[in-house]
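Novice: I would like the entire structure built from these sequences, with the hints used as guidance.
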Amino acid sequence: MKRIISVLMENEAGALSRVVGLFSQRGYNIDTLTVAPTDDETLSRLTLTTGGDDRMIEQIVKQLHKLIDTVKVIELSEGAHIERELMIVKIKASTSDMRAELKRCSDIFRGHIIDVTAATYTIQLVGDSDKLDAFIGALVDVGTMEVVRSGVVGISRGDKFLHV
Amino acid sequence: MELLSGGDIIVRALRDAGVNFVWGYPGGAALHIYDAIFRQDDVHHLLVRHEQAAVHAADGFSRATGQVGTALVTSGPGATNAITGIATAYMDSIPLVVISGQVPLTKIGQDAFQETDMVGVSRPIVKHSFLVTRAEDIAATIAKAYYIASTGRPGPVVVDIPKDVTDPNYKVAYQFPDKVVMRSYQPSSRGHKGQIKRAAKVLLDAKRPVIYAGGGVIIDNASEHLRELVRLLNYPVTNTLMGLGAYPGSDSLFVGMLGMHGTYEANAAMHDADVIFAVGARFDDRVTNDLEKFCPRATIIHIDVDPTSVSKNIEAHIPIVGTCSAVLREMVSIIKQAPQSPDSVAIDAWWTQINQWRAEHGIYTQTRYEPSAGNLIKPQDVIKMLYEVTEGKAYVTSDVGQHQMFAAQYYLFDQPRQWINSGGLGTMGFGLPAAMGVQLAFPDAHVACVTGEGSIQMCIQELSTCTQHQLPIKIINLNNAALGMVRQWQDMNYSSRYAESLYEDSLPDFVALAEAYGHVGMRIEHIDELAPKMRECFALKDRVVFMDICVDRAEHVYPMQVPGGSMRELWLNKSEKTQ
Chain A
2 MKRIISVLME NEAGALSRVV GLFSQRGYNI DTLTVAPTDD ETLSRLTLTT
52 GGDDRMIEQI VKQLHKLIDT VKVIELSEGA HIERELMIVK IKASTSDMRA
102 ELKRCSDIFR GHIIDVTAAT YTIQLVGDSD KLDAFIGALV DVGTMEVVRS
152 GVVGISRGDK FLHV
Chain B
15 MELLSGGDII VRALRDAGVN FVWGYPGGAA LHIYDAIFRQ DDVHHLLVRH
65 EQAAVHAADG FSRATGQVGT ALVTSGPGAT NAITGIATAY MDSIPLVVIS
115 GQVPLTKIGQ DAFQETDMVG VSRPIVKHSF LVTRAEDIAA TIAKAYYIAS
165 TGRPGPVVVD IPKDVTDPNY KVAYQFPDKV VMRSYQPSSR GHKGQIKRAA
215 KVLLDAKRPV IYAGGGVIID NASEHLRELV RLLNYPVTNT LMGLGAYPGS
265 DSLFVGMLGM HGTYEANAAM HDADVIFAVG ARFDDRVTND LEKFCPRATI
315 IHIDVDPTSV SKNIEAHIPI VGTCSAVLRE MVSIIKQAPQ SPDSVAIDAW
365 WTQINQWRAE HGIYTQTRYE PSAGNLIKPQ DVIKMLYEVT EGKAYVTSDV
415 GQHQMFAAQY YLFDQPRQWI NSGGLGTMGF GLPAAMGVQL AFPDAHVACV
465 TGEGSIQMCI QELSTCTQHQ LPIKIINLNN AALGMVRQWQ DMNYSSRYAE
515 SLYEDSLPDF VALAEAYGHV GMRIEHIDEL APKMRECFAL KDRVVFMDIC
565 VDRAEHVYPM QVPGGSMREL WLNKSEKTQ
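As they're listed, the protein sequences go chains A and B. If you count the first sequence from 1, you need to add 1 to reach our numbering. If you count the second sequence from 1, you need to add 14 to reach our numbering.
Keep in mind that the hints are not guaranteed to be accurate.
[Stated by the list, open to error] As a list, the in silico DSSO-like pairs of lysine-lysine whose alpha-carbon atoms are at most 30 Å apart:
no.	chain 1	residue 1	chain 2	residue 2
1	B	K350	B	K221
2	B	K193	A	K73
3	A	K63	B	K193
4	A	K93	A	K161
5	B	K398	B	K588
6	B	K185	A	K67
7	A	K91	A	K132
8	B	K398	A	K63
9	A	K63	B	K215
10	B	K215	A	K161
11	B	K307	A	K63
12	B	K121	B	K185
13	B	K547	B	K398
14	A	K73	B	K211
15	B	K211	A	K67
16	A	K67	B	K207
17	B	K307	B	K326
18	A	K132	A	K93
19	B	K211	B	K326
20	A	K67	B	K326
21	B	K591	B	K307
22	B	K121	B	K215
23	A	K63	B	K547
24	A	K63	B	K221
25	B	K326	A	K73
26	B	K221	B	K211
27	B	K221	A	K3
28	A	K93	A	K104
29	A	K132	A	K3
30	A	K73	B	K207
Keep in mind the hints are simulated off the structure, nothing from the lab. Model, not experiment: these values are computed from the prediction.
Specialist: Spelled out as structure tokens, the structure:
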């Protein structure tokens with residue numbers, strides 16, 4: 002099962018390598034990872050998705066917390082939460098039939114065509130990971146040229162928030 | 015406010031962090047720091063012969079005193095040579111600060127001469143690390159380094175300092191922080207009161223309890239609290255390899271070390287226990303044997319300062335995250351006030367059972383190996399003699415292998431910090447430099463390094479360091495002319511095919527070698543020489559003595575857990591296994 006873990010860290014050089022190193026060192030997998038400074042520029046927010054049973058996730062959360070640069074860790078997927086991922090797809094669109102079909106498909110998934118050439122469309126899509134997977138699935142017959150995904154970011158639903 | 019250069023700030027900050035001794039080795043990137051050391055008298059530097067030894071010596075000093083050990087090395091090879099020492103300290107949770115010189119900031123990333131990414135290389139084996147990029151940050155960083163190293167679950171901290179940050183011509187105001195506050199690191203923990211109460215109840219209800227105490231008790235100076243708890247309860251106690259001395263080895267409630275080479279009674283008691291009270295121990299694989307078969311009937315109470323240690327290998331029924339001293343103190347006070355006392359009938363029956371195990375296969379109730387005779391000296395007898403001659407009061411450091419296990423089994427440590435060995439990483443070459451650190455801390459104490467001809471050769475160059483700094487350690491070399499533990503495994507698992515565990519005729523004349531360094535060498539080949547020579551050795555107070563003792567090459571360490579078995583499945587000797 003996919004688990005989403007959010008970490009608030011000191012925005013220090015090397016902090017990210019400690020997180021990544023921890024995962025390889027302890028034999029855990031990272032499926033997606035995103036990191037950027039927060040509104041408070043001394044802090045970075047890191048979101049990662051991983052798999053594993055409850056005991057493994059508990060260890061991962063504890064190990065992340067043990068890193069000296071870590072300020073807060075939560076498993077987002079433990080409670081109600083919102084997750085989003087951004088995807089940009091470049092796809093062949095050289096005939097008017099193809100272009101019409103792609104436009105329809107993009108609209109259905111609430112995507113945006115953000116670049117156009119005579120032979121290609123570039124489509125941007127935002128949603129949870131399953132939605133992005135479904136869009137890729139819908140394009141199987143057309144064949145994508147390039148897919149780039151941001152990895153998951155997420156936030157708790159309701160009044161709960163992650164802070165120092 | 016005083017203006018100082020980066021180099022001077024480092025040394026001043028070390029002084030203000032309470033550091034008296036630094037073990038190290040100079041080199042290009044560290045020369046500004048070395049020059050600063052030269053120009054003051056507060057911080058004493060001890061020159062070693064290899065950076066690995068600098069870290070081990072700082073480590074030995076720390077284990078014996080409880081203070082943070084300090085090492086100073088240069089960039090590149092100096093830093094990488096320190097790595098084994100840092101990993102050793104990390105595995106055993108020893109507080110160290112290792113300062114490494116680095117190439118100038120302007121050269122980082124250019125594959126400069128003697129450049130190594132020390133923060134990167136050391137990352138998996140440090141509690142934390144810093145790369146200092148401004149002279150203004152040095153004092154605060156060093157203060158943080160000592161704070162992080164010594165609090166919570168202790169460990170080594172690396173501070174990597176580029177050469178231009180220590181530039182003697184760039185001076186900044188020096189101020190050492192009074193207090194370190196970090197929003198991301200707040201380690202103090204007293205343990206959850208409710209959990210401690212629950213644990214106390216379970217402990218008092220126990221019919222077949224075992225107290226399983228590890229190195230955390232020693233590191234946290236909690237031995238007195240442990241002893242008080244045991245006195246109240248009258249329960250059996252076992253110590254891990256790292257925990258030896260936490261509870262007195264010569265006490266009747268002590269059932270010996272547990273685990274792979276632990277006693278039968280300790281391992282059997284663990285296996286049959288209904289309550290295991292684990293404190294400052296981490297259920298590592300050299301203790302538990304097969305996790306699936308581990309202590310099938312036990313309720314497990316686990317006290318550890320590090321939450322990641324709890325329920326990592328073995329699920330704890332009552333986890334308590336807190337320092338050993340705080341939790342044990344609270345536990346003692348709860349038990350003193352409890353209306354209930356231990357179930358004396360059940361506990362008496364439990365002791366009867368344990369005493370029966372002791373009588374059946376215990377190594378302290380009867381000698382379980384063929385005794386020494388003539389030129390066949392048994393390594394166990396050497397340790398027993400060492401115990402006798404030093405009256406059980408020596409600091410004993412060891413390397414890794416059979417000699418380490420014999421020392422752990424046959425030298426009964428009554429005090430914490432008396433037994434100093436590389437338990438987690440299992441670093442050959444640790445014993446001699448660690449002994450230097452201990453001797454520096456306690457100049458008048460007997461410090462014995464129990465080693466073998468394999469391990470001692472991994473850091474033997476430090477015999478020269480002992481000469482320079484007058485560190486009169488005693489080396490007890492159990493020389494069986496083979497990598498004994500490797501050979502034992504080859505006997506047991508590889509039909510005695512001794513792949514690269516023998517030296518043929520290549521071993522040095524250790525007596526001549528010791529003398530070449532200006533020390534006293536002794537060679538002992540007959541059991542009758544052992545006692546007088548050992549006495550002579552320890553009577554030579556001011557000299558390093560290298561006792562090269564020829565021991566039986568065929569001897570194995572027993573008991574030994576059967577791989578893949580439960581804790582109590584043990585080889586008792588070469589032909590006999592427990593049922």
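Novice: Against each hint, give a clear statement of whether it holds in the structure.
Specialist: Here is how each hint holds up against the structure:
Straight-line distance between C-alpha atoms of B/K350 and B/K221 comes to about 19 Å, which keeps the hinted pair within the 30 Å bound. Of the supplied pair hints, the one linking B/K193 and A/K73 holds, its CA atoms being roughly 23 Å apart against a limit of 30 Å. As the CA atoms of A/K63 and B/K193 are separated by approximately 27 Å, the hinted pair is consistent with the 30 Å bound. For the given pair, A/K93 sits about 43 Å from A/K161 by alpha-carbon distance, which is inconsistent with the 30 Å threshold.
Annotation: proposed proximity of B/K398 to B/K588 holds, straight-line Cα distance about 22 Å (limit 30 Å). At roughly 36 Å between alpha-carbon atoms, B/K185 and A/K67 are farther apart than 30 Å, so this suggested pair is violated. Taken as a hint, the A/K91 and A/K132 pair is honoured in the structure, with Cα atoms around 17 Å apart against an allowance of 30 Å. Distance check on the hinted pair: B/K398 and A/K63 sit about 44 Å apart at the alpha-carbon level, beyond 30 Å; violated.
Between A/K63 and B/K215 the alpha-carbon distance is near 28 Å, which keeps this suggested pair within the 30 Å criterion. Taken as a hint, the B/K215 and A/K161 pair is broken in the structure, with Cα atoms around 37 Å apart against an allowance of 30 Å. For the suggested pair B/K307 and A/K63, the alpha carbons sit about 26 Å apart, so the restraint of at most 30 Å is met. Between B/K121 and B/K185, the direct Cα distance comes to roughly 21 Å. Compliance with the 30 Å bound is thereby established for this hinted pair.
Straight-line distance between C-alpha atoms of B/K547 and B/K398 comes to about 14 Å, which keeps the hinted pair within the 30 Å bound. A C-alpha spacing of about 29 Å is found between A/K73 and B/K211, which places the hinted pair at or below 30 Å, so the restraint holds. Under the criterion of a C-alpha separation no larger than 30 Å, the hint pairing B/K211 with A/K67 is consistent with the structure, at around 26 Å. At most 30 Å may separate the alpha-carbon atoms for a hinted pair to count; A/K67 and B/K207 meet this at roughly 22 Å.
Between B/K307 and B/K326 the alpha-carbon distance is near 16 Å, which keeps this suggested pair within the 30 Å criterion. For the hint pairing A/K132 with A/K93, the CA-to-CA distance comes to about 21 Å; that is within 30 Å, so the pair holds. Taking the CA atoms of B/K211 and B/K326, the gap is about 23 Å. The hint holds against a cut of 30 Å. Of the pairs offered as hints, the one joining A/K67 and B/K326 holds, with about 14 Å between alpha carbons and a cut-off of 30 Å not exceeded.
A distance of roughly 17 Å separates the Cα atoms of B/K591 and B/K307; the hinted pair therefore holds under the 30 Å criterion. The hinted pair formed by B/K121 and B/K215 fails the criterion: a straight-line CA distance of about 62 Å is larger than 30 Å. Restraint check for A/K63 and B/K547: not satisfied, since their Cα atoms lie roughly 53 Å apart, outside the 30 Å limit. This hinted pair does not check out: A/K63 and B/K221 have alpha carbons roughly 33 Å apart, beyond 30 Å.
Under the criterion of a C-alpha separation no larger than 30 Å, the hint pairing B/K326 with A/K73 is consistent with the structure, at around 21 Å. A C-alpha spacing of about 18 Å is found between B/K221 and B/K211, which places the hinted pair at or below 30 Å, so the restraint holds. A distance of roughly 44 Å separates the Cα atoms of B/K221 and A/K3; the hinted pair therefore is violated under the 30 Å criterion. Restraint check for A/K93 and A/K104: the C-alpha separation of about 12 Å stays at or below 30 Å, so the hint holds.
Between the alpha carbons of A/K132 and A/K3 the distance comes to roughly 15 Å, so the proposed pair stays at or under 30 Å and holds. Among the hinted pairs, A/K73 with B/K207 is consistent with the structure: their alpha-carbon atoms are about 24 Å apart, no more than 30 Å.
In summary, the numbered hints that this structure violates are 4, 6, 8, 10, 22, 23, 24 and 27.
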